[in-house]
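Participant: One-letter residues, chain by chain:
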Amino acid sequence: MMTFAGSQQIIEVIYLLASALFIFSLKWMSSPATARRGVWAGEIGMVLAIAGTLLHHGIVDYKWIAIALVVGAGIGVPLGLVQMTAVPQRTALSHAFGALCVTLVGTAEFYLRTPDVPRFMMAVLSLEVILGSLTFTGSLMAAGKLQEVLPQRPLTYRGQNFVNLSLLAISIALAAYLVLHPGAKQLFPAMIGIPLIFGILMVVPIGGADMPTVISLLNSYAGLSAAAMGFVLDSKLLIIAGALDGSSGLILSVIMSKAMNRSFTNVLFGAFGQVQTSAATDQEAKSVRSATAEEAAAILSAANKVVVVPGYGMAVAQAQHKVRELYDSLSKRGVEVRFAIHPVAGRMPGHMNVLLAEADIPYDRLLDMDEINGDFPQTDVALVIGANDVTNPSARTDSSSPIFGMPILDVDKARTVMVIKRGMSPGFAGIDNPLYYLDRTLMLFGDAKSFVGNIVRELGGQS
Amino acid sequence: MGSNLIDALFIFMLAAFIGFEVIRRISPLLHTPLMSLTNALDAIAVVGAIILVGEHKSTFSTALGVVAVIAATSNAVGGFLITDRMLKMFKTSHPTKP
Chain D
1 MMTFAGSQQI IEVIYLLASA LFIFSLKWMS SPATARRGVW AGEIGMVLAI AGTLLHHGIV
61 DYKWIAIALV VGAGIGVPLG LVQMTAVPQR TALSHAFGAL CVTLVGTAEF YLRTPDVPRF
121 MMAVLSLEVI LGSLTFTGSL MAAGKLQEVL PQRPLTYRGQ NFVNLSLLAI SIALAAYLVL
181 HPGAKQLFPA MIGIPLIFGI LMVVPIGGAD MPTVISLLNS YAGLSAAAMG FVLDSKLLII
241 AGALDGSSGL ILSVIMSKAM NRSFTNVLFG AFGQVQTSAA TDQEAKSVRS ATAEEAAAIL
301 SAANKVVVVP GYGMAVAQAQ HKVRELYDSL SKRGVEVRFA IHPVAGRMPG HMNVLLAEAD
361 IPYDRLLDMD EINGDFPQTD VALVIGANDV TNPSARTDSS SPIFGMPILD VDKARTVMVI
421 KRGMSPGFAG IDNPLYYLDR TLMLFGDAKS FVGNIVRELG GQS
Chain Z
1 MGSNLIDALF IFMLAAFIGF EVIRRISPLL HTPLMSLTNA LDAIAVVGAI ILVGEHKSTF
61 STALGVVAVI AATSNAVGGF LITDRMLKMF KTSHPTKP
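Which chain is which? The protein sequence lines are D and Z, in order.
If you're matching positions, the first sequence starts at 1 in the working numbering and goes up one per residue.
If you're matching positions, the second sequence starts at 1 in the working numbering and goes up one per residue.
Treat the hints with care, since some could be wrong.
To be verified - No farther apart than 30 Å at their CA atoms in a straight line, the calculated lysine-lysine pairs in the DSS-like style are these:
1) Lys91/Z <-> Lys305/D
2) Lys413/D <-> Lys258/D
3) Lys413/D <-> Lys332/D
4) Lys305/D <-> Lys449/D
5) Lys305/D <-> Lys258/D
6) Lys305/D <-> Lys413/D
7) Lys88/Z <-> Lys332/D
8) Lys413/D <-> Lys286/D
9) Lys57/Z <-> Lys236/D
10) Lys27/D <-> Lys258/D
11) Lys88/Z <-> Lys449/D
12) Lys57/Z <-> Lys63/D
13) Lys27/D <-> Lys91/Z
14) Lys286/D <-> Lys449/D
15) Lys449/D <-> Lys332/D
16) Lys449/D <-> Lys91/Z
17) Lys185/D <-> Lys57/Z
18) Lys91/Z <-> Lys258/D
19) Lys91/Z <-> Lys332/D
20) Lys57/Z <-> Lys27/D
21) Lys413/D <-> Lys449/D
22) Lys332/D <-> Lys27/D
23) Lys63/D <-> Lys236/D
24) Lys332/D <-> Lys305/D
25) Lys88/Z <-> Lys305/D
26) Lys236/D <-> Lys185/D
If you are wondering where the hints come from, they were derived from the structure by calculation, not from laboratory data.
Using the sequences and the hints, build the whole thing.
Facilitator: Now the structure itself:
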């Protein structure tokens, strides 16, 4: 009895340490200078917590624990080594894994405890498995769309929101019934199955450009379901980690939806795909000015201040290393080159920064929208590579535009704007971009990677 | 159960506040590594799954627990690994930090 109580206390102290390390881990993430220390703190906390758990007196069999830990680590290593462009789908996949773990544990706990489940516990257990299972399938769908094994286009049909909300309502009703009658085992599979379907249907109408918001939201759900699991198991450590993850995901989702000028409900229930048709149809024959790599190189080398605006198109074309060469070449000539990063550039929050950092572009050259927007009027050249809607001035001026009100990068205020683009096709939202028809805008038609490469070669030839 | 529940709610509330205050200060520059880090930290759910497997109360619960441990461990290992890989790439243009 004494030893039980003693070892239990040691475990609690270890969990306390792990919780503190997790909080430090996030705190150190606030600056790139200390961020790697944050990873260390998190790792030590995790190892301590797992080691402490193994001391738990109720554990009678270590064989399967060991096998599962080894297999899990074996799966984790390749998932930690994916390419940086694939980080969004990897993240979505890990939301799915986290949610899977929580749902399975919740399910096992229910069948072990039924029919004697106190009401509050049954309520949090229901929350745990409902959030967990919808996050599981929703994240798998998101990962599939990001990996392009599933169609990225938003899929919508009449009554979609009604169907989705009804499914959610049914699973909540089942949960309520189970809270009152925790012995009703036969209802439990339905309470998991329906959110599994809901998770799929929830992500079906969401297009590629909304992925940053959706990934953040799923992150938040995964955290909340883990916190709910903490309530069920009476584990303070789990409650703390879940609350940290949940609040992180929530903050990121708020930032993302603000950056797209959309509410949560709008992202989840208003598939962006529908609004555009009318906007894309008025195809007047407007004229654009285009330029060659040689002309672009001449203008760039004569500039003092250049701001590069990278978008997801740059990453798709794998042009970031050529962009770095351009940065080097211009910097050597004394041109000040900076990068303007829109919050939703890329497929998850902060994705573009990682891609540029991978190409060895120093992070102090990467500026947020708010930091850079005031500088565009003093910028000689704004070079837009693979970005479209986040530079569309109609978001500021045209109240009939579907993206009206969305905060954008004010590239149209720069003295010269250059846009590298494959052709005149509109962006994901199908919205025409008036930026392209401005007198100060030069269109550089071609593949981002080879065009930037050509500019770099021209710059080299001139020196 | 009663006082435990209230304690747990206090802990949840305080941790959520800490989360909001700490994460609000994180620069958008690091939002991707932040998400993969919180993902890895969230894999702490593995402790619940380990106990479930170890207690071996039924074949069913052990089987679910094994899958849960695998899923969470792969998140922890993969999450920390990729976060560190990303952070290693962030370099400043000033060789010595002021």
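Participant: Take the hints in turn and mark each one as holding or not.
Facilitator: Evaluated hints:
Of the pairs offered as hints, the one joining Lys91/Z and Lys305/D holds, with about 22 Å between alpha carbons and a cut-off of 30 Å not exceeded. A distance of roughly 22 Å separates the Cα atoms of Lys413/D and Lys258/D; the hinted pair therefore holds under the 30 Å criterion. Using a Cα cut-off of 30 Å, the hinted pair Lys413/D and Lys332/D holds, with the two alpha carbons roughly 26 Å apart. A hinted pair counts as satisfied when its Cα atoms are at most 30 Å apart, and Lys305/D with Lys449/D qualifies at roughly 22 Å.
Using a Cα cut-off of 30 Å, the hinted pair Lys305/D and Lys258/D holds, with the two alpha carbons roughly 29 Å apart. Under the criterion of a C-alpha separation no larger than 30 Å, the hint pairing Lys305/D with Lys413/D is consistent with the structure, at around 13 Å. With a C-alpha separation of about 25 Å, the suggested pairing of Lys88/Z with Lys332/D holds against the 30 Å cut-off. Restraint check for Lys413/D and Lys286/D: satisfied, since their Cα atoms lie roughly 20 Å apart, inside the 30 Å limit.
Using a Cα cut-off of 30 Å, the hinted pair Lys57/Z and Lys236/D holds, with the two alpha carbons roughly 23 Å apart. For a cut-off of 30 Å, the pair hint linking Lys27/D to Lys258/D stands: about 24 Å separates their Cα positions. At most 30 Å may separate the alpha-carbon atoms for a hinted pair to count; Lys88/Z and Lys449/D meet this at roughly 25 Å. With a CA separation close to 15 Å, the supplied pair Lys57/Z and Lys63/D stays within the 30 Å bound.
Note on Lys27/D and Lys91/Z: the hinted pairing holds, with a Cα-Cα distance of about 19 Å set against a maximum of 30 Å. With a C-alpha separation of about 27 Å, the suggested pairing of Lys286/D with Lys449/D holds against the 30 Å cut-off. Only pairs whose Cα atoms come within 30 Å are accepted, and Lys449/D paired with Lys332/D is accepted, the gap being roughly 21 Å. Pair hint Lys449/D plus Lys91/Z holds up; C-alpha atoms about 23 Å apart against a cutoff of 30 Å.
The hinted pair formed by Lys185/D and Lys57/Z meets the criterion: a straight-line CA distance of about 18 Å does not exceed 30 Å. A distance of roughly 29 Å separates the Cα atoms of Lys91/Z and Lys258/D; the hinted pair therefore holds under the 30 Å criterion. Under the criterion of a C-alpha separation no larger than 30 Å, the hint pairing Lys91/Z with Lys332/D is consistent with the structure, at around 18 Å. At most 30 Å may separate the alpha-carbon atoms for a hinted pair to count; Lys57/Z and Lys27/D exceed this at roughly 39 Å.
Simply put, Lys413/D and Lys449/D have alpha-carbon atoms about 26 Å apart, close enough for the 30 Å limit, and the pair holds. For the hint linking Lys332/D to Lys27/D, the alpha-carbon distance of about 37 Å lies beyond 30 Å, and the restraint is violated. As the CA atoms of Lys63/D and Lys236/D are separated by approximately 27 Å, the hinted pair is consistent with the 30 Å bound. Note on Lys332/D and Lys305/D: the hinted pairing holds, with a Cα-Cα distance of about 13 Å set against a maximum of 30 Å.
This hinted pair checks out: Lys88/Z and Lys305/D have alpha carbons roughly 28 Å apart, not beyond 30 Å. Between the alpha carbons of Lys236/D and Lys185/D the distance comes to roughly 28 Å, so the proposed pair stays at or under 30 Å and holds.
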